[in-house]
Every structure is written in structure tokens, then in C-alpha cells.
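Please put together the full structure from these sequences, using the hints given.
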Amino acid sequence: MAGTTWLDRRGTQLGCRRAGWSAWLLLAPLLVWLGLFVLLPTILLVVTSFSHRDELGRVVYSFTTENYLRCFDPTWLSIFWNSILYALAATVICVIVGYPAAYTIGRAGPKNRRILLTLVMIPFWTSFLIRTYAWISILSQEGLANSLLLSAHIIPGPLSMMYTPFSIVLGLVYNYLPFMILPIYTSVEKLDNSLVEAAYDLGAGPLRAFSRVIIPLTQPGIAAGALLVFVPAIAMYAITTLMGGGSNPTIGEVIQNQFTRARNQPFGAALGVLLMLLFLVSFLVLGRKKNSSASSA
Amino acid sequence: MKTIRNLILTLVPIALVACGGGSQPSPSASTPSSSEEKKLNLFCWSEYIPQNVIDGFTRETGIKVAVENYSSNEEMLSKLLAGGGKYDLIQPSEYTIQALIKADQLHPLNQTALPNFVHIAPEFRNMSYDLGNKFSVPYMAGFVGICVNMDKVKTPVKGFLDVFTPAHKGRIVVLDDAREIVSWALEVEKLGLNSVNAENLKKIEPLLKKWLPLVKVYDSDSPKTSLKNGDVDLGVIWSGEAALLYQENKKFAFVLPSEGSHLFVDNLAIPKTSTHPQNAHLFINYILRPEVSKLISDAFPYYNPNLAARKLLSPEQLSNPASYPLAEDITRMETFTDLGKESASVDELVTQIKASGK
Amino acid sequence: MIDSAPLTREHFFRLPDGPRLVRWFCGSWTTLVFGFLYLPIILLVLFSFNESKSGFTWEGFTTKWYGELFQNRVLLHAFVNSLLIGLVSTILATVLGTLGAWMLYRYRFPVHRLMEAFIFVPMIMPEILMGVSLLVLFVILSLPLSYLTVIIAHVTFTFPFVLVGMQARLQGMDPSLEEAAMDLGATPRQAFFRVIFPYLMPAIASGALLAFSLSLDDYIVTVFVTGAESQTLPLKVFGMVRVGLNPQLNALSALGIVLTMILVFGSESLKPSNPREKP
Numbered sequence: 001m002a003g004t005t006w007l008d009r010r011g012t013q014l015g016c017r018r019a020g021w022s023a024w025l026l027l028a029p030l031l032v033w034l035g036l037f038v039l040l041p042t043i044l045l046v047v048t049s050f051s052h053r054d055e056l057g058r059v060v061y062s063f064t065t066e067n068y069l070r071c072f073d074p075t076w077l078s079i080f081w082n083s084i085l086y087a088l089a090a091t092v093i094c095v096i097v098g099y100p101a102a103y104t105i106g107r108a109g110p111k112n113r114r115i116l117l118t119l120v121m122i123p124f125w126t127s128f129l130i131r132t133y134a135w136i137s138i139l140s141q142e143g144l145a146n147s148l149l150l151s152a153h154i155i156p157g158p159l160s161m162m163y164t165p166f167s168i169v170l171g172l173v174y175n176y177l178p179f180m181i182l183p184i185y186t187s188v189e190k191l192d193n194s195l196v197e198a199a200y201d202l203g204a205g206p207l208r209a210f211s212r213v214i215i216p217l218t219q220p221g222i223a224a225g226a227l228l229v230f231v232p233a234i235a236m237y238a239i240t241t242l243m244g245g246g247s248n249p250t251i252g253e254v255i256q257n258q259f260t261r262a263r264n265q266p267f268g269a270a271l272g273v274l275l276m277l278l279f280l281v282s283f284l285v286l287g288r289k290k291n292s293s294a295s296s297a
Numbered sequence: 298m299k300t301i302r303n304l305i306l307t308l309v310p311i312a313l314v315a316c317g318g319g320s321q322p323s324p325s326a327s328t329p330s331s332s333e334e335k336k337l338n339l340f341c342w343s344e345y346i347p348q349n350v351i352d353g354f355t356r357e358t359g360i361k362v363a364v365e366n367y368s369s370n371e372e373m374l375s376k377l378l379a380g381g382g383k384y385d386l387i388q389p390s391e392y393t394i395q396a397l398i399k400a401d402q403l404h405p406l407n408q409t410a411l412p413n414f415v416h417i418a419p420e421f422r423n424m425s426y427d428l429g430n431k432f433s434v435p436y437m438a439g440f441v442g443i444c445v446n447m448d449k450v451k452t453p454v455k456g457f458l459d460v461f462t463p464a465h466k467g468r469i470v471v472l473d474d475a476r477e478i479v480s481w482a483l484e485v486e487k488l489g490l491n492s493v494n495a496e497n498l499k500k501i502e503p504l505l506k507k508w509l510p511l512v513k514v515y516d517s518d519s520p521k522t523s524l525k526n527g528d529v530d531l532g533v534i535w536s537g538e539a540a541l542l543y544q545e546n547k548k549f550a551f552v553l554p555s556e557g558s559h560l561f562v563d564n565l566a567i568p569k570t571s572t573h574p575q576n577a578h579l580f581i582n583y584i585l586r587p588e589v590s591k592l593i594s595d596a597f598p599y600y601n602p603n604l605a606a607r608k609l610l611s612p613e614q615l616s617n618p619a620s621y622p623l624a625e626d627i628t629r630m631e632t633f634t635d636l637g638k639e640s641a642s643v644d645e646l647v648t649q650i651k652a653s654g655k
Numbered sequence: 656m657i658d659s660a661p662l663t664r665e666h667f668f669r670l671p672d673g674p675r676l677v678r679w680f681c682g683s684w685t686t687l688v689f690g691f692l693y694l695p696i697i698l699l700v701l702f703s704f705n706e707s708k709s710g711f712t713w714e715g716f717t718t719k720w721y722g723e724l725f726q727n728r729v730l731l732h733a734f735v736n737s738l739l740i741g742l743v744s745t746i747l748a749t750v751l752g753t754l755g756a757w758m759l760y761r762y763r764f765p766v767h768r769l770m771e772a773f774i775f776v777p778m779i780m781p782e783i784l785m786g787v788s789l790l791v792l793f794v795i796l797s798l799p800l801s802y803l804t805v806i807i808a809h810v811t812f813t814f815p816f817v818l819v820g821m822q823a824r825l826q827g828m829d830p831s832l833e834e835a836a837m838d839l840g841a842t843p844r845q846a847f848f849r850v851i852f853p854y855l856m857p858a859i860a861s862g863a864l865l866a867f868s869l870s871l872d873d874y875i876v877t878v879f880v881t882g883a884e885s886q887t888l889p890l891k892v893f894g895m896v897r898v899g900l901n902p903q904l905n906a907l908s909a910l911g912i913v914l915t916m917i918l919v920f921g922s923e924s925l926k927p928s929n930p931r932e933k934p
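Protein chains in written order, with my numbering: chain C, 1 to 297; chain W, 298 to 655; chain G, 656 to 934.
Hints are computed from structural coordinates only; laboratory data are not their basis.
Fair warning: there could be bad hints in the mix.
What the hints assert, rightly or not - No farther apart than 30 Å at their CA atoms in a straight line, the calculated lysine-lysine pairs in the BS3-like style are these:
1) W/548 - W/466
2) W/548 - W/451
3) W/569 - W/547
4) W/569 - W/466
5) W/548 - G/719
6) W/449 - G/708
7) W/506 - W/449
8) W/591 - G/719
9) W/451 - G/708
10) W/547 - G/719
11) G/708 - W/548
12) W/591 - G/708
13) G/708 - W/335
Bear in mind that the values here come from a model prediction, so they are computed numbers and not experimental data.
In C-alpha cells form, the structure reads like this:
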């Protein structure tokens with residue numbers, strides 16, 4: 001059954017063999033890339049976070065922990081929390097909005113599937129700035145949405161939709177929706193028709209068929225989509241600045257500022273390292289829990 | 298077919314660019330040639346040096362200009378100081394010039410190679426951040442001032458205190474620059490816009506706590522957007538942005554604050570690591586030519602420090618109150634000095650108030 | 656008397672049967688979603704024909720922006736750079752992501768968990784940190800800033816998206832698939848290419864699509880690692896905001912969209928319909 005991990009008697013995942021030398025060879029590209037272009041820059045970053053800076057904002061390599069101590073100021077912690085909340089809201093809405101669409105695309109005929117999938121991505125091959133400014137012109141006080149609503153007499157006066165939490169979440173959802181739809185699509189696409197039909201045949205209404213059968217079967221896709229939206233959304237700053245007007249600073253903006261106006265690269269690095277640590281720790285802890293529950297099943 | 302036509306039309310420009318674009322120019326008698334290879338690495342603000350100006354330079358001297366852009370002084374600093382790119386010309390603002398001079402990062406200018414420097418207005422020569430113009434030449438200047446949508450705001454607005462009133466709550470746009478915001482508060486409290494220290498920051502904190510909750514939008518890149526869209530009614534923005542708004546619709550009035558504010562001067566300078574300093578001098582001298590400087594003013598309505606070029610401008614350009622405010626108002630404006638490490642405390646103060654003021 | 660079912664209220668208000676209701680609901684929801692996705696796009700295409708430069712008020716129909724666009728060497732050069740870099744980095748990222756996901760799924764490596772965690776680092780690392788640290792790395796390695804450095808940077812932050820999507824597809828894959836292929840005499844390599852690879856195709860396709868759009872739109876990381884010749888479109892666009900986004904950009908986007916749609920619909924109609932494909 002999809003969604004469970006197959007384990008053999010010794011508790012290792014079925015189909016998962018011990019790596020021979022040829023496997024190491026094939027893994028080498030990933031290892032080299034991770035080591036050279038991910039690990040090394042991260043080490044550089046950690047070193048920077050423990051350093052001082054000079055007048056120009058350049059890094060002075062002398063050890064200090066002042067940057068990390070500053071991180072635990074309530075100002076930065078509350079901004080951190082704010083960013084997590086926005087990312088969470090965007091992720092949840094993306095799941096709700098994206099799942100039915102991904103389901104439809106995944107269950108469509110083979111030709112239509114491919115066309116629809118590409119159609120989902122095409123808007124995102126235009127420049128991000130142009131798209132966002134188009135949204136600003138839709139949502140602004142003298143913009144399209146207000147003109148339509150006013151002329152249809154639905155509202156008495158123009159609504160202020162821009163530069164609000166609403167516009168921030170809308171911007172985030174708009175830009176991250178494909179990152180939710182595509183992974184869910186890959187899970188839906190491999191759904192066995194007979195399983196779905198069976199769910200209905202057994203007398204389940206659509207609600208139960210979905211909640212008991214279909215959604216659990218597509219759970220890997222949902223989980224992947226949630227990760228691909230939540231993780232980058234926390235550190236995102238361009239959307240929140242443009243759509244939010246900057247009065248709701250996010251952690252991405254703060255880090256950006258440290259490298260630009262505040263000329264404090266080490267502090268920015270420290271904030272970034274903490275952010276990554278937070279994520280890595282949660283990932284490792286949650287991952288271990290999942291493995292242990294799977295092997296006990 | 299459209300695809301083929303598009304394909305050809307996109308491939309042809311690449312071929313042109315690859316072949317070095319433009320016809321081979323014959324060096325004019327007035328342009329001295331340099332002994333370096335014919336290349337120039339320009340690192341400048343996006344949309345600040347018009348393409349026709351760059352092309353004109355290449356046509357005249359045969360020197361190919363490779364352009365890289367940045368959208369903030371600090372971005373330029375980061376990349377320059379990291380040592381990745383080899384740049385011949387940069388375009389720092391005045392306080393960045395000061396910082397670069399202090400850190401000994403600039404190539405001294407050879408005044409004899411810049412005969413066109415005489416066209417620069419006297420008040421822009423010998424400025425405090427670079428005495429004697431040893432390292433930099435002014436490019437374009439501008440101000441930070443108050444832009445008002447006259448259709449929406451009927452009361453007179455003369456200074457910061459008129460802007461930050463409860464009547465305008467949620468209808469204000471300001472620059473997303475902590476240093477700028479702090480300087481306005483300092484001016485209102487008559488402390489001097491460059492006197493940034495812990496004591497003064499404490500003094501202006503209550504004022505900022507009153508002001509910032511009234512602000513709807515913080516935007517340094519395009520503050521004109523929210524004004525144009527009617528999401529805000531007035532704001533403290535760059536004069537260039539206000540000038541563009543005025544060009545489109547005269548309902549956007551611009552006024553320099555009575556308390557005084559920032560006069561910024563963007564300059565051309567040569568980094569110490571430059572490999573083509575002679576070519577860089579040629580380019581600077583070319584920019585200083587009145588006809589060339591006029592082309593820049595045509596494209597971007599900032600304040601042109603080149604007196605001879607100003608004489609070539611149209612009355613319409615000169616009558617734009619955001620481009621060329623009254624001379625007596627300009628005397629209230631000051632340039633920024635480099636804050637160095639204090640920039641961090643300024644940024645922290647403003648971020649703190651922004652984050653808590655909900 | 657014919658024994659017919661009682662005409663209860665339920666009978667009249669009975670909803671259509673399960674699958675049909677689901678189809679109807681999902682279909683209309685998807686239409687709304689596509690409307691949401693394309694609303695700003697339609698607007699920006701419309702404004703590419705707008706006489707007004709600022710693009711907020713309609714001032715008349717014109718095609719002059721398209722004409723101006725084809726004379727804008729700088730913008731076109733940047734656009735071609737973006738496409739080139741996007742294509743190359745997408746191919747590399749897809750290969751890296753697919754290979755990585757398969758290897759991690761298939762074999763038990765000692766540093767397994769740590770590797771998986773590290774793959775997420777480019778996703779969580781704020782872009783400016785990645786840009787600055789990669790710049791410092793390239794300077795240390797004495798790599799000149801150009802197409803190569805930009806491609807390396809783009810692959811680094813896009814391949815995790817491919818890999819994670821791939822893992823979702825692999826999770827819960829029936830392991831007997833590969834076993835069956837090998838029982839029928841296939842070598843592991845043949846089993847991979849004939850059985851696993853086609854199974855992974857949808858994940859490869861979606862991963863590539865995501866990676867391409869991430870690469871096309873990247874600004875911050877690219878600013879720090881690019882040289883002068885490899886300037887991409889976002890670098891030029893972000894600067895234009897100061898003087899107002901030129902409708903030439905709208906024209907460029909509109910052309911890009913039209914081109915892509917022609918390619919997609921064209922290639923689909925040219926492909927022979929495969930009778931063995933799952934309906």
C-alpha cells in the first residue's frame with residue numbers, strides 16, 4: 001500500500017541495499033556538489049557569524065559571540081515568529097487551493113495532463129516584478145478590483161487591500177501555488193484507478209472516499225508540497241516587502257538589511273545560521289519520529 | 298512563422314553584441330586616446346546611465362563598455378570589496394565615497410585628464426565628503442522631500458510635522474531607509490541630521506514612535522507607485538520620483554521640508570583595483586560634456602550639477618519643482634556623512650519600532 | 656399498483672453520484688485556480704498594447720512597445736542569457752536531483768540522514784546569504800564571475816526542489832517493480848532505464864518546470880555571482896522599477912508566453928497518442 005514504508009525483517013527499508021563502490025560512484029555528483037557548493041558556503045557563513053565587522057561592513061575575522069547574543073533580543077524573535085506565521089498561513093491556503101486543482105490535472109487524460117501542468121507554470125516564466133506590479137494595480141485603491149466592485153455597487157467606498165496582511169498572504173500564495181500543485185500532481189498521477197473506484201463502490205460518499213482513501217494515498221505529495229512552500233516562504237522578503245509595504249518586517253527583510261543598509265554582515269549571518277539550525281533540527285527530529293513509527297508498525 | 302521570426306530577431310542582436318556592436322569609430326581630435334586595451338568595466342546603478350550615452354562613448358573612442366548594475370550602495374560595496382569583479386568605474390553616493398576614501402579604496406583622479414570638470418557648478422565642487430574632488434566627480438544630485446497629491450490633501454504641507462499628523466494616518470508613504478527616517482526626526486528636533494549617536498537616538502525615539510504607526514508604505518525603490526495608485530496621499534520620497542510623478546500629472550506637488558533634509562549626490566569614482574583607469578578618465582570627461590549631460594537629464598529628471606548642461610535644458614524640464622527646486626530651499630539641504638558602524642543601531646531602532654507598532 | 660420508491664424530499668434533492676460530483680467540483684475549482692493564476696498575466700499582456708508608459712490607465716492601443724523591444728539590444732541580450740542559463744541549470748539540476756533521489760532511496764549510505772538534511776540548506780538559506788557566501792567561495796577558488804558561476808549558483812538552489820519532489824514520487828513505490836524487471840533478466844541499469852525512469856517521468860517533468868522558473872526569476876543570488884556579460888533579465892528589470900516598469904517588459908513577457916504556448920500545444924499535437932499510456 002502506498003504511503004507506508006516496506007521494511008524487511010532487519011528493519012531496513014526494502015529495496016534498500018548496502019552501497020557498493022559503484023553506488024558510491026553514482027552518488028559522487030551529489031556528494032561533491034553538496035560538499036563544494038553547500039557545505040563550504042555554510043561553513044563560511046558560520047565563520048562570518050562569529051566575526052566582527054569594520055566600518056565598511058566588511059568581515060573582520062576575530063572571534064565573538066555578540067552576534068548570536070543579539071539574536072535573542074525580543075525584537076528579532078517576534079519578527080522571526082511573524083515570518084513563520086505568514087509562511088504557515090501561505091502553506092495551509094496553498095494546500096486547500098492547490099489540492100483540487102492538482103487532483104484534476106493528475107486525473108486528466110495523458111495529453112491534457114501535460115498541457116495543463118505546463119499551463120500552471122507559464123505565468124511564472126514572466127518576470128516576478130511585472131507579475132507583482134500587475135497585482136498591485138489590481139488590488140490598489142484606484143485599481144481594477146475596486147473599480148469593478150464599486151461599479152457593481154457591492155461596496156460603498158474603495159477597499160484598502162494593498163499593504164495589508166491580506167495582500168502579503170495573497171502574494172505568497174500566488175507565487176508558491178505551483179510549488180504545491182506540482183508535487184501533489186506527481187502523487188495523484190500514480191493513483192491506481194481501481195483503488196479510487198473501489199473506494200466509491202464500497203458506498204463511501206465523496207467526502208469519505210477522499211478523507212479515508214485518496215488523501216492518505218497522496219500524502220507524500222502533500223508533504224513535499226508543504227515543505228517546498230513553507231521552507232522558502234519563511235526567508236522570502238521580496239514579496240512581503242512589495243505587497244506588504246514594509247510595515248510588517250519579516251526575518252528575510254531583516255537579514256537583507258544587515259547586508260545592505262545596516263552594514264552588519266556577521267549579524268545577518270548569525271540570524272541566517274539560526275534559521276537554518278532551527279529547520280535542520282526540526283527536520284532531523286521529525287524524521288527520526290517518522291522512521292521509528294514506521295518500523296514499529 | 299512567428300516563432301522563426303522571433304528566433305531570428307533574438308539571435309541577430311546576440312550576434313551583433315557578440316561582434317562588438319556598432320560601427321568602428323574614428324577617434325575624434327578632441328578625445329585623447331589611452332594606451333590601455335579598449336575595454337571599460339562600468340558598475341553603476343540600474344537605469345542611471347542611458348544606453349545612448351554609453352553607445353555614444355563607444356562610437357567615439359572604440360572602447361567597449363561592459364555594464365553591470367546594482368540597486369543599492371551597499372550591494373555595490375559588498376561585491377566590490379569581496380573582490381570578485383574588476384571594476385573601472387563605480388557610482389557611489391556621497392557618504393559611500395567618504396567611507397571608501399577612509400578605507401583607501403579609490404584611485405586618485407588626474408585633474409588634467411578632466412578638462413570638462415569646469416562645467417560643474419561651484420556649489421557642487423569641493424564638497425565635504427571629498428575635498429578638492431581628489432577621488433570623485435558629481436554625476437547627478439537629488440533631494441529627499443515631501444510629495445503631496447493635491448487632489449486628496451487640501452491643507453498646506455510645509456514640513457515633516459505637517460506630514461506626520463493623525464489626519465494622515467494610514468495615508469503616508471516614506472522611504473524604506475532607516476537612516477533617512479532617523480535624519481528627519483533629527484532635523485525636527487534640531488539636532489543636525491548627521492549627529493547620529495546613542496544619546497540622540499534616545500531623544501528622537503518618542504517622536505519616531507509617534508510617526509511610524511501613521512505610515513502605510515515603506516518603499517525606497519518605487520515610492521511613486523503607491524502615490525500614483527491612490528493607496529497613499531502624501532509622502533517623503535526622492536525628488537527624482539516626485540519629478541516623474543509631476544511629469545505625468547501636475548497634481549503631485551513637491552516641497553522641500555522646512556526643517557531641512559538630505560541632499561544626495563551620486564558620483565563617478567575609480568576603484569583602486571581598476572585595470573583601465575585611463576579609459577575611466579576618458580569616460581568621466583565624456584560624461585561631463587554639456588551635451589552628454591543633457592542627454593542624461595532628458596532620461597532621468599534629477600538635479601543636474603553640470604551648469605553648462607542645465608543651460609541646454611528645456612523650460613519644461615527646469616520648471617519641474619521636484620527636479621529644480623528654488624535655490625533658497627536648497628540651502629537648507631545637507632549631505633550625509635558616513636555613519637560606519639552606527640548604521641546598525643539606526644537600523645535596529647527603526648526595525649524595532651516598525652515591528653512593535655501594531 | 657406499481658411499487659415505486661416514495662417521492663420523498665431526498666429523492667428530489669439527491670446530489671449527483673460521488674465521482675460525478677467530485678468531477679464537477681474539482682473542475683470548477685481548477686478553472687477558478689487558473690483564473691487566479693492568469694489574472695495578472697492577462698492584465699500585463701493587455702498593458703503591453705497600452706499607449707501609456709506607466710501602465711495603470713488605458714490611453715489607447717499601440718504596438719510601438721514591441722517595435723522598441725526589438726531595438727533594445729541590452730534587454731534582448733539579457734533575456735537570451737536568462738533562457739540559456741535557465742536551460743543549462745535546469746538540465747543539470749534535474750539530473751543531479753533525480754540521480755540523488757534515486758541513490759538515496761535505493762541504497763543505504765552511512766551519512767544518509769545528514770545528507771538529506773543538507774539538501775534542504777539551499778532552500779532555507781536566505782538568498783542574500785547564499786549570494787554572498789557563494790561569491791566569497793568563487794573568489795577563494797579564483798573562478799571568474801561569468802556564465803559558469805551563475806549556472807553553478809542556480810543549480811545549487813534549484814536541485815533541492817527537484818530532489819524533494821522526486822522523493823515524494825519514490826516514496827511508497829512498489830519495490831517489486833524493480834525486482835520483477837530483474838527477474839525477467841534485466842540488469843540493474845536496464846531496470847532503471849526501462850522501468851523506474853518512465854515511472855519517475857512526471858516527477859522529472861514537474862521538477863524541471865519548477866527549477867526553470869526558479870532560475871529565470873532569480874535576482875539576489877545572481878547579482879552577486881554574475882559578471883558583466885552574463886547579466887540576466889531580472890537584473891535589468893529590478894533596476895527599471897526606479898523609473899517605472901517599461902511596457903517593453905510587458906511586450907517581452909507577452910511574447911514569451913505566446914512562444915511557450917505555441918511550443919507546448921504544438922509539441923502535444925505532433926506527438927502520436929500512445930495507446931499504452933494510462934488513460
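For each hint, the structure was consulted:
no., hint, verdict
1, W/548 - W/466, "21 Å, holds"
2, W/548 - W/451, "11 Å, holds"
3, W/569 - W/547, "45 Å, violated"
4, W/569 - W/466, "48 Å, violated"
5, W/548 - G/719, "28 Å, holds"
6, W/449 - G/708, "24 Å, holds"
7, W/506 - W/449, "25 Å, holds"
8, W/591 - G/719, "25 Å, holds"
9, W/451 - G/708, "28 Å, holds"
10, W/547 - G/719, "26 Å, holds"
11, G/708 - W/548, "18 Å, holds"
12, W/591 - G/708, "22 Å, holds"
13, G/708 - W/335, "36 Å, violated"
Hint violations for this structure: numbers 3, 4, 13, all remaining hints satisfied.
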